[in-house]
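Participant: Protein sequences appear in the order of chains A and B. Under this note's numbering, the first residue of the first sequence carries the number 1, and numbering increases by one thereafter. Under this note's numbering, the first residue of the second sequence carries the number 1, and numbering increases by one thereafter.
Please keep in mind that the hints were generated in silico from the structure rather than gathered at the bench. One should not assume that every hint holds.
Subject to a maximum C-alpha distance of 30 Å in a straight line, what follows is the list of computed BS3-like cross-link-like pairs (lysine-lysine) [said to hold, decoys possible]:
id, chain 1, residue 1, chain 2, residue 2
1, A, Lys-50, B, Lys-116
2, A, Lys-507, A, Lys-465
3, A, Lys-287, A, Lys-314
4, B, Lys-83, A, Lys-63
5, B, Lys-236, A, Lys-50
6, B, Lys-116, A, Lys-13
7, A, Lys-426, B, Lys-83
8, A, Lys-444, A, Lys-33
9, A, Lys-50, A, Lys-314
10, B, Lys-83, A, Lys-444
11, B, Lys-49, A, Lys-482
12, A, Lys-287, B, Lys-24
Computed list of chain B residues with no C-beta within reach of chain A, every gap over 10 Å [stated by the list, open to error]:
id, residue
13, Glu-204
14, Met-268
15, Thr-372
If we take Cβ atoms under 8 Å as the criterion, some of the chain A residues that face chain B in the derived model are [what the hints assert, rightly or not]:
id, residue
16, Thr-12
17, His-15
18, Glu-60
19, Asp-72
20, Arg-81
21, Val-133
22, Ala-214
23, Met-459
24, Gly-460
25, Leu-502
Here a beta-carbon is modelled for each residue, glycine too, at the ideal position from N, C-alpha and C.
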Amino acid sequence: MPAATARRQSRTKIHDKIQELSWNPTFATPVDKYPTDYTFEKAPKKDPMKQVLRSYFPMEEEKDQRVFGAMDGAVRGNMFRNVQQRWMEWQKLFLSIIPFPEISAARAMPLAINAVPNPEVHNGLAVQMIDEVRHSTIQMNLKRLYMNHYIDPAGFDITEKAFSNCYAGTIGRQFGEGFITGDAITAADIYLTIVAETAFTNTLFVAMPSEAAANGDYLLPTVFHSVQSDESRHISNGYSIILMALADERNRELLARDLRYAWWNNHAVVDAAIGTFIEYGTKDRRKDRESYAEAWRRWIYDDYYRSYLMPLEKYGLEVPHDLVEEAWNRIWNKGYIHEVAQFFATGWPVNYWRIDGMTDEDFEWFEYKYPGWYDKYGKWWENYSRLKHPNGHGPIAFEDVNYQYPHRCWTCMVPCLIREDMVVDKVDDQWRTYCSETCRWTDKVAFRPEFKGRATPSMGRLTGKREWETLYHNWDLADIQKDLGYVRDDGKTLTPQPHMDLDDPKKLWTLDDCKGYPFPSPNITLNEMSDQERDEFATQYKAGGPAGRFAGRP
Amino acid sequence: MADTLSPAQTPTQTPTGRVRSVPKLVFTDAEAGALEFPSSNSRSFNYFKPQRLRATMYEDVTVDVQPDPARYLTQDWVYGFAKGRGGYPTEWTAAKSSDWHWFRDPNQEWEQTIYKNNARLVRQVEQNIANARNEGAFERWSPAWSRTVAWHVGAWMHPEHGLGMHVFVPAQRDAPTNMINNAISVNSMHKLRIAQDLALFNLEASEARSDFDGRAHLEAWNDDPVWQPVRENTEKLTAIRDWLEAVVAANLAFEPLVGELFRAGFVMATAAANGDFVTPTIMGVAESDLERDLSYTKDLVGGLTHDEEHGRQNIQLFGEWLSRWIPESLNAARSLAPVFSEPEHSPVTFEDTLARARERVREILGELEIPTPKELDQ
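Looking at chain B on its own, in the form it has when it is part of the complex (with noise of 0.2 Å):
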């Protein structure tokens, strides 16, 4: 093929008549499709194994990103820790898989849908926040609901900022694969999205009403006794050292047992009998950002309990990591029960919801054929 011209040899009078060094625009006819040669039509990443026949967007983008000694990384890693391995050791975890690589993210979550769906949500917690304000709504709390809202729901943002921050964070960074660790780090920012939402809500909550004392959620948290179970099982989850079981513990045990009966089981079952329609919005869009969490964490431990080679071992290990951490969830759980005393209007009941709350537990070991520990129970 000729060579074709390079910008320089292009002329640089403009139509103005004005002499300006810009490049200038040549045809190369570089485009696909204009010749035919070995490998002219090779336009697909050869690499990988899509999960079905066509890779998605999801996989192109993410699947090998992060390299791997036990796939092409021939050199091995180039950079080790004082006592250890670098990269991404398989060892971080007591969990074992024959293939990690397996793994996809049922959310497929990459760049365009990170923020598109976290755009959408804070937009929404954005909107209903303001109609709330408009309306007048803020004023119209009793008295009682609104401490309910400056003490407890205000203490709740404490540990989604902790899971956030120190467990969800951290664990990402440990993980085999790009396409674990992605996921982790979309479920870390679902946290600490949401804790700031709180935050900002229960500012705007203390703009609008004189008696809301926005500070409350801080003696809350550190010195109610109905919170401290609470708090001790956030700070205990922040020192796991396996990432899995920091995960495991975090959205299979404390998630279902502690945060859904807090937010769902309370909030929302409880703010519109009190008068609070938007509480409730909010605590929604976390119930839906859990949804897609729980989502990874389940393909993520469901792959790992029926792997050919691991499977048995790793449902005993995530026993061992469900009969230590669903007691301490429990725990927590129970210390809330006089939350669900306190509203003028309570249309729940703490036994029936934390009935319920075990009952999800059961229902989602159940789906990854995980023996419900015996410690949900008791």
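Excised from the complex, chain A in its bound form (with noise of 0.2 Å):
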């Protein structure tokens, strides 16, 4: 007898075939766990994707085969010989954030499975299930690699620590936690695939990677871009979950609060990081290589806003018109990107990470794609680089260079680094700070259990610790560098230096380099003011900045 070889059978038939498996309960209806206010009675049926478990196996096996093999390679190709430094020292924090979010958006599928009735789009969502699984665990590995392959592991080493307690994985955590909490189809279907999944993951996984390739890093691309081939079908999952949505007019009110929450937290947090990573994280300065800003309008503005999100708006979908050219406007005109990574920069003792200063020829690079980029921010990277070994003095943002360490914003926790946007309100009776108006209106209005007059009693709530700086309010920074666990195998050298030296140990910060600095919270002082003096407080920081210079100083 011949080898037996399977048989291709109609797509169509195993398709409904596939249909047949889920019934109507009668005995008993599946637990309610995460509620959400929409709902789904006249929701038509839609499954785009008509993905089969037997094949989706060995099509997956088959992906990580091809990752595995390049992984094999780098290693044995001494990849890390051409990688850059500057690089991979941003991927410490990029890799510790990111397999959260992979895993939170598979548990967030059975919230898009409880609240949405219709069996067609299960199983999409199920295998969307594994998908991230598989995201989270194959971004670990890399990681691992790294941690095990490049010249510096330390901060690498900590990892997942160093993320659940630094300020910055906190920006990053509502990528993730927003995918799991609160209303079920706001976190899992607006917030995780309308918005983060197909806009989002253009600049995160595939932008983001090319840059990595451009410094030597080929194994960032090799893994994203394996990853990202599995996002187009998370899209479809999101897009069929709209338009149920949109079928039903009581929706379209919760949509268009959802989405405006969606898209600004996406913004502020997303581009705030890959902003950073890509503009700041390069050694590439060819004048022809896309910047950030170019980048987003290409992925985001054209790809996303205009081809994807304003067609639904004949189906009743209001889009958030002026919060997407306000984002355009904060990142090209505002100066969004470089305030980030200025800030980031200023942290860096309380990082894990070690962040290399800008030279002549990144200076170069910047006024030619962002003119006027040298006037603002030159001369406080010129002082960084100044400052960047410990001859005596304070790390940066102790030292006099004109720089307001900064408030955070209260919602998506990125600090209020556009100065004259800052808004300042009492809310659950503290005086909370915003970077816009659109974060306060998200703590005060949307994230409330009515909106426009009708109970949302499903929609989540902001909570936790939100200012970093409250944790360690008038620490000692070298307390603090310990109690983070910021510090090297020697037991005195700090994990995260402002340069790229390891030659010469006298180039390296240690703890005692960073004792006599104490470190207050904004928010905790904010909150001692009295009135007129909170109000004085607002009016100068507003007339602050750019680059986060004090008001009337040039």
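Please assemble the complex out of the two chains, which come individually in their own frames, going by the hints.
Facilitator: Here you go:
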């Protein structure tokens, strides 16, 4: 008998057959664990994916083999002789954050399955669940390889702990927690799939890997393009659910609310991080390479906003045009990425990676891509380089370089860096600062049990100790660093450093260099002020900038 | 260290004379061992204690990826539910642990194992079906056995799907650690995969035999009194809020008493005598899945029963859960008794098979040192 071969069955028949698996329960219904205020009673049936596990598992196995083959090749071919340290150091932050959003996306799938009554889409969501387990573990494995083969493993070695206790980790953590908590559709569909996956994975998983390759690291593109090849299916999941939601007019107000929140939060968080990695983590200063702003305009403004989001208007979706334009305005005119990168570099003593200074060549590139950059940021980066080695002075945050340490945004937790946009409001009996009016609205209006006069009992809450500095109010800097565990194995040298110079121990900052610098919490300080002091402070703060300058000091 | 050359400082002229704007390779010497400095040899994740002396790949890529305020998450969860804490509250199960992070999946499931294992199994199933089709095996089934496959084996795709989609997928959202949730998510894929395999096998049979009613399974599952207690048991499992109770009820009560009883006790034991060599191989794959799923369930439950602080309380809790769920599953199992008499050749009896299933539960609970609930003998 000849060897038997698998016969290809009709895709339509297979799909129809798999639809027979579900049934309408009559004895008991699945527990309503994760509530939503959305309704899907009038929802049409839609399953764009038609994924069958029989073909799915071998397909993913093949993709894995390619990834692991490349990893072997990179090690054997000594890839790390060619990677730029400036780039790899930022991976200590990025790769500590990203496995959590991935695994959170897996955990988010039952929220969507429970909320959407149509079994036709459940299959695709369940497949997405295991995709996300794949992504999380493959990214952890990439980081493990970096730790084993890159010159400086410090920071990689404490990765998940550092992600949990660093202020930057908290900013990134929204990108995962937002998927799994609160109203099931707000979290698992609008925030996760419609905005995070459909819009921002383009810069995360396509633009950033391209920059990695330019810095000698071809493993990041290998892993993340493999991840991205699953994302198109996830985008289809989200699309089918939003179409179902739009079919019921009662959902439209909630959709408008959630799209405003999700768009703005993703912009604030993802553009802050990925924009910094791409613009300040690269050594590739070819003038014709795409800047983050250019990539954003192409991937997010044109491909997502104009080609994906706007066509949904005809189905009744209220697209937040004003917020899309304002996000672009922040990136292009208000220096959002540059302000964030400067803030990360200011905060180097409480990070767990090293941050390279900018050189004349970098200045030239920034000036070419972002005209006027040098006048705003050049001097501060020159000071950063001047102060990069310990020499009797403090870290740059504690020296007079005309930089006012910023207040945190209570909502997105990125600081209020565009000074004129800061909003101060008393919410839940506490004075809070917000980076923008939209972030104030998110906290005070959107994440509440009532919205525009209707009950929204399923909507989530903003919780936690949202201002990181509160945890260490007026602690000595060296004690904070010890408490965080960001100290190397000699017990005194810091994990973070404001330079790439590992060749001379004298150039490396230690705990001793950081003693005697109290670190106050801006929010506690704000709440200790009288009303008049607070008003004066806010006026002064808003008059400051760019580049964190104090008001009235050029 | 001197600043290294950037790509822009390197030539762009190619040997062919073309000038292209491409980043050029730069020698940076950024590989491990190039310099010695504090922590230059710190090449292991040092924030968790491995189960053995050295962390496994599985531990490295799994432990602490889901953070926990009880460990390093100093700012706590930054989103909450309308009526409760966000993240992964330990209150989502009545079981208690002095440290949930102790658990490690004995199957060490991570990306590579998940896809290698499942891809191997789908190939095995596909190859077996292709062999059967090429050999004309479907046509040789007797009409009576063909009806058994269409009606009863067909009906079995539903509990597999129901457990996968509405018990294990939701449960993997809820456990307090990544190690537990990942193990449950793999369990859910086992169930969904075998459900689809059974559905597509049903399609294959209906294409091979003109008398094979490919939709009979729907009537069996929805209306046949033989299957209603199984459906009731399945649906009730989907209604459990406590993630661990759902896993325990599914894997320690339903699976041995109903799942194994039907898949191995009936189909695998009976099919060959009726000229069917292919259906048992599919059920055999489901059985091998169960071994893996039981393995993590036993380690998880066993760890909790041996918890120094909460062990006794957990044993009592699991006993209460099993006292509730074993009667449901015994009732479902008994309803399947008529199925054992339908084939022309029945080498096993229902009572013997049920006795073996009961013994299996007794063995598992014995291993876990959980007293066997009296309901098992009723």
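Participant: So which of the earlier hints does this model not fit?
Facilitator: Hints 2, 3, 4, 13, 16, 17, 19 contradicted; others consistent.
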